[in-house]
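Visitor: Turn these sequences into a full structure, and let the hints guide you.
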Amino acid sequence: MEKNILDSLLDLEQEFYQEGYNLGATDGAQAGYTEGSVFAVEKGFEKFVELGRLYGKALVWAQRLADSDSSRNSSQESDKTDTRKSQQYNEDDLLLEPFVCKEMLPLPASSRLAKNLEILLELVDPASLPMENTEEAVTDVDERLKGATIKAKLIQRALGEREDASDIHPDVKDAQVAGSIILLMLQRCGVFPSSTMDRPRHPTWLSVFNPGMRSSSEVANDDG
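The numbering of the sequence shown is UniProt numbering, which starts it at 1 and goes up by one.
Keep in mind the hints are simulated off the structure, nothing from the lab.
Wrong hints could be hidden among the right ones.
Unchecked claim - Using C-beta positions, here's what the derived DEER-type ranges look like:
#1 Glu13 to Lys47: 47 to 53 angstroms
#2 Gly24 to Leu159: 54 to 60 angstroms
#3 Asn22 to Pro126: 42 to 48 angstroms
#4 Ala25 to Leu159: 54 to 60 angstroms
Said to hold, decoys possible - Subject to a maximum C-alpha distance of 35 angstroms in a straight line, what follows is the list of computed DSBU-like cross-link-like pairs (lysine-lysine):
#5 Lys47 to Lys146
#6 Lys47 to Lys115
#7 Lys153 to Lys47
#8 Lys115 to Lys153
#9 Lys57 to Lys43
#10 Lys146 to Lys43
#11 Lys47 to Lys57
#12 Lys43 to Lys115
#13 Lys115 to Lys146
#14 Lys153 to Lys43
#15 Lys57 to Lys115
#16 Lys57 to Lys146
#17 Lys57 to Lys153
Even for Gly, the Cβ is constructed at its ideal location relative to N, Cα and C.
Guide: Here is the structure:
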């Protein structure tokens, strides 16, 4: 009888250890799933913002290229160039209204430029971007984003343009801002507990919705 009591005391530490381990593993799995979901939304938002930005730039370049063709004197060579451009991409679907780019300089005629622009438009076409949450879809988006970034840089170098920081909204460039907005929305909807919002966040997230709005830190810096 005494031997059985002593045996249970010897196993008491192991029982507490196992119980604590099981509780920690369960809590860690829940916390990891929550943080992983938030991280996935942040990265997905960041990637598609960049794809949309590249698509917008490609549309402007396409319109400028089309304007350069239309402004050139009518000739047989010009007619062939216009035909080739119309075959490369559908102007009704891809080009902007003429008044949007009327104040921009037309692009020089170049078959290489037109080819790179055609590939860029195909890579960032919203209608063909996969939206499924699968490994294949994520890999496809990553590869297309990488290829589109390279093509955009090639076009910029060919045109003598540079990546201006003013082209990118300062809050969109910061992935933490996107995460702050998403987390705030999820918290307001009661999806995540308030403890997930205890980490310090970027103070200027409101300017994403209102670009004219300034954060308190910016105002303090100006006053100082």
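Visitor: Each hint: holds or not?
Guide: Tested hints:
no.: 1; hint: Glu13 to Lys47: 47 to 53 angstroms; in the structure: holds (49 angstroms)
no.: 2; hint: Gly24 to Leu159: 54 to 60 angstroms; in the structure: holds (57 angstroms)
no.: 3; hint: Asn22 to Pro126: 42 to 48 angstroms; in the structure: holds (46 angstroms)
no.: 4; hint: Ala25 to Leu159: 54 to 60 angstroms; in the structure: holds (56 angstroms)
no.: 5; hint: Lys47 to Lys146; in the structure: holds (10 angstroms)
no.: 6; hint: Lys47 to Lys115; in the structure: holds (24 angstroms)
no.: 7; hint: Lys153 to Lys47; in the structure: holds (17 angstroms)
no.: 8; hint: Lys115 to Lys153; in the structure: holds (14 angstroms)
no.: 9; hint: Lys57 to Lys43; in the structure: holds (21 angstroms)
no.: 10; hint: Lys146 to Lys43; in the structure: holds (14 angstroms)
no.: 11; hint: Lys47 to Lys57; in the structure: holds (16 angstroms)
no.: 12; hint: Lys43 to Lys115; in the structure: holds (30 angstroms)
no.: 13; hint: Lys115 to Lys146; in the structure: holds (17 angstroms)
no.: 14; hint: Lys153 to Lys43; in the structure: holds (22 angstroms)
no.: 15; hint: Lys57 to Lys115; in the structure: holds (15 angstroms)
no.: 16; hint: Lys57 to Lys146; in the structure: holds (16 angstroms)
no.: 17; hint: Lys57 to Lys153; in the structure: holds (11 angstroms)
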